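There are 2 protein chains.
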Amino acid sequence: MKPSIPKGTRDFSPVEMSRRNYIFDTIRSVFGLFGYRQIETPSMENLSTLMGKYGEEGDKLLFKIQNSGDYMNGLTDEELLSRNSLKLASKFCEKGLRYDLTVPFARFVVMHREELQFPFKRFQIQPVWRADRPQKGRYREFYQCDADVVGSDSLLYEIELVQMIDMVFSKFGVRVAIKLNNRKILAGIAESIGQADKMVDITVAIDKLDKIGLDGVNAELAEKGLPQDAIDKLQPIIKLEGSNSQKLDVIAKVLEGSGTGQKGVEECRFILAGAEKLGLQNRLELDLTLARGLNYYTGAIFEVKALDVEIGSISGGGRYDNLTGIFGMPGVSGVGISFGADRIYDVLNQLDLYPKETAGGVKVLFMNLGQEESAFSLKLVTELRRAGVAAELYPDEAKMKKQMSYANAGNVPYVAIVGSNELQEGKVTLKNMESGEQSLVDASELKDFIK
Amino acid sequence: MKPSIPKGTRDFSPVEMSRRNYIFDTIRSVFGLFGYRQIETPSMENLSTLMGKYGEEGDKLLFKIQNSGDYMNGLTDEELLSRNSLKLASKFCEKGLRYDLTVPFARFVVMHREELQFPFKRFQIQPVWRADRPQKGRYREFYQCDADVVGSDSLLYEIELVQMIDMVFSKFGVRVAIKLNNRKILAGIAESIGQADKMVDITVAIDKLDKIGLDGVNAELAEKGLPQDAIDKLQPIIKLEGSNSQKLDVIAKVLEGSGTGQKGVEECRFILAGAEKLGLQNRLELDLTLARGLNYYTGAIFEVKALDVEIGSISGGGRYDNLTGIFGMPGVSGVGISFGADRIYDVLNQLDLYPKETAGGVKVLFMNLGQEESAFSLKLVTELRRAGVAAELYPDEAKMKKQMSYANAGNVPYVAIVGSNELQEGKVTLKNMESGEQSLVDASELKDFIK
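These protein sequence lines map, in sequence, to chains D and U. Going from the first sequence to the working numbering is simple: count from 1 and add 5. Going from the second sequence to the working numbering is simple: count from 1 and add 5.
This is chain D alone, in the form it adopts within the complex (with noise of 0.2 Å):
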C-alpha cells in the first residue's frame, strides 16, 4: 500500500514551516502591536453555524462530518432512497469544517459579548476548509491571517488597518499598492444615475478598462441595461485619472445629488489624509473597480496587489456593518483585513526575500568518534542548549562521511570535532561550514564563540 494525502491538501516540511512560521509570525507581530488579541475557535461548527452564510455555492463548498454512532437512525426507507445527497447530508451530518474565520468570529462575539470589552480588536490565524476543485495556487487546507475590530464605526480604525498593512508588507520587504474603494460611493454613482440596482455590473464594467477600452465598456454597459444618458453621466468615472484627491474631486461632482455617495468621498478622504499624514511605505491609491465583497461591504473596501510579482491580490478586506445580526445582535460595526498566508508565501519565494536564519536547524553539530569523545560531547551539547544555543551530537559513529552529509543536509553553520587529541587538552575543534575554517576552541569559550 502505498500512502498519500487527499488531493488539496499538503504536508509542510521543517524548510517549508520555518518560512511559513516566518509569514505567520510577522504578521502576528503587527497585528499585536496594533493592539489585537487572537483568539482561536473549534476547527468544527454547528452546520446550522455555517449553512446559509456563504450561498448556495458555499453550502455545497462546506466539508460536512459524519454525525458519530448510528447517524442513519430514524430515517425512513422513502428518504434514503431518494438518494437526495443535499438532504441527507443534513440528517446525517451536524458538523461542518470551517469555511472562514468571519461567521466563527460573528459566532463568538455573540457567544461571549457579556465578557467582551468593544470596541474588541481581535486576531486569528487558522486554517479554513473549502472543498473547491484543487487547482495550482488553491487548496483545500489553508490558512487565514484575520484582523478585525468590531463594536465601532470610527474610522480611525481603517486608517490603522491601512498602516498594518502597510507595516507588514514593509517587513516582507514586498513592495505592494494599497487598493482603496467605497461601497458608499459605488452606491451613490448607481443611485446619481437613476440605475442603483446596477451597482455591481456599472463596477465590473469600469473594472474591465485597461482591456477592452473605453468602447468597450460603454458597449458592455449598455448591453446590461443602462440607458445612454445614464452612461454618458458615467464617462467622468470610467475615465478618472490623475491624485487620488484629484479623483475625488471628480467623483463629488458626480454625487452632488447623492447624500451616500457624499458620505463616501468624505469617508475617503479622511482615511487618505489620515493615512498620509501618518507617512506610508506604499502607495495607498483609491480605485473604483473593487469590487470585493460588495453584497459585504458597507464602507471601506481595501485590496493589495504585489507590485513585483504577477498574482492575484494578497490581503484585503473592509468595513461591513451587519455581521453578527445573522446570529440575532444587530447594528454591530466592525472592519477587518485578511492576508493570504499561500500567496505571500508564493510572492515571498519568487522574490527570494526569506531572511537566512529561517532555514531554521541546530547551530552546531558535534561528530560522533567513539565513546569516550562523545560523552564529552555531550556535556558540551548540553551546556550549549542550556545556554539557548542549538546543538546536538550525532548518534552512533558513523563513517564521517556519513556524519558529514547529514550535517549538509541540516545546514548546519558549525561542525564540532572531539578526537582523542582535543578530548585530551579539553578541546573542540569548530569547522565553520560556509567559509571551511577551522578552530581550536577551548571547551568553556564554546559558547561565547559561537553565539
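Calculated from the structure, these hints are not laboratory results. Careful: at least some of the hints might be erroneous.
For identical chains, the list gives no copy identity; a pair is met inside one copy or between any two copies.
In the EDC-like style, the derived pairs of lysine to aspartate or glutamate whose C-alpha atoms are separated by at most 16 Å in a straight line are [stated by the list, open to error]:
#	residue 1	residue 2
1	K258	E246
2	K282	E377
3	K282	E378
None of the values given here were measured: they were computed from a predicted structure.
For chain D, the structure is supplied; the task is to place chain U on it using the hints.
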C-alpha cells in the same frame, strides 16, 4: 437563534490564547534546541491511512468527512436499506480527521523517504480530533505536541528525550517525576516465569500494589491464571524498592535466564547513567508499572507525573521498532515523546505559574480627548509601534470613564493622556496603571520611558 459550538470543542479567549501560546512556544523552543524540526500534515487524511491503526474502538472514534458531490451514487437499494452505519460510512466518506500525530508522521516519513536525511528528528504541534464522549478535561479537539526521531536505534536519543522533558518542565517551573520503564524488561519478566503471554496482566496487577496491597496483587495474578510458582518468582519484582540501581540489580537477578530481559536492563542502566551524568532538574525513576502503550512500544517507555497537582500523566512516550511498517517501510526504529498541552495548561493554572507578560495586549493606550489631540496622539502611537511598542488610541472622543474602563479591561500598563496643555507643550501625561503614578513626559522621550 442562539449560536453554540459542538460539544467537546472550545473557543479560546485572548487571555487563554496567550497562555496556550506560552506553553506551545516553550515546548517548541526546547524541541528546537535539541535539533528537532517542525513539520505539519493535513488535518484530513485518507480513511485508508487511518482505519485499523487505533483498534476497533479507535475506528469508531474517527471523525469522518462526507464526500463532496453525489456521495450516494452507486449504492444499491439493499445497501442503503441495510442501515449499516459503519459499512455505509466507508462508502459515504473517504477522508477522516487526524486522530493523533503518530500515524500521519509515519505516513509522512514513508511518502517523503527520498527527501529525508535519517536519522530524521521532527516535531509537530497540531490539533487532533476524537469522537470521544466529552467530559471534564477531555475534548473532541485538542492539541498534541510530539517530538520523534526515526531511523536510528541509538539510545542517546532516549537520554536526549529525558533531557527535553526535564528542560520543558524546568522552564515551566513545574516539579515532575519522570518515570522510565522498558518493554524488554516486562517481556523478560513474563518470559522468565514461563508466562510470556501474560505480560500486560502482570504489569497491570503490579501497578495496583499501592491500592490493594501485596495480597491483593497476588490474588489478582492468580485470578488471571498465573500458577503459584510463577507468582512466587514474581515477589521480588512486586516488592521492588530502593534506588534505580538497587532495583535494576534485583531485576537483573530475576532475568538471568532471559536475553531480552537482560537487554532491557542494560538499556535502562545506560539511559539512567547517561541522564544522571548530564544532570537533571527533576527525578528520573525506574517504574516497572508503566503500562502505557505496551502493544506499541518495544523498548524504553516514559511517563511524566506532576508532583504538586493531582492529575494524570502530562507527558509520555517511548521506543517503537516498526512505526512505518504499516505503510510498507519496515525496519525503521523510532523513539518519541508527546506533551499534553491541555493538561499542562490545567497544571500551570492550578499552580499559578504563568509569567506576567503572558497577559499580552498593548503597553500604552492613548485617551481620545478631541480631534487635534487625537491626531497628535496617533502620530505618537505610530512612532511607538514602529519602535516595537504595542500601542493604541481610543477610537472616539468617548467619556473618560468609558475609555478608562476599556484600558482596565485590556490590562493596559500605561495610559497616555494628551489634552490641550500637553498638545501645546508637545508632552504626554503618562499614568502607570499599577502604581497610579503620573509623569509628564516629553513626546520625543516616550519610547525610551516605556521601554
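Hints versus structure:
In this assembly of identical chains, K258 and E246 lie within 16 Å of each other by CA distance solely inside one copy; the values are 14 Å within and 92 Å between copies. With identical chains, the CA atoms of K282 and E377 are at most 16 Å apart between copies only, with a shortest distance of 13 Å across copies and 66 Å within one. When the C-alpha separation of K282 and E378 is checked against a cutoff of 16 Å, the pair qualifies only between copies, where the shortest distance is 14 Å, while the shortest distance within a copy is 64 Å.
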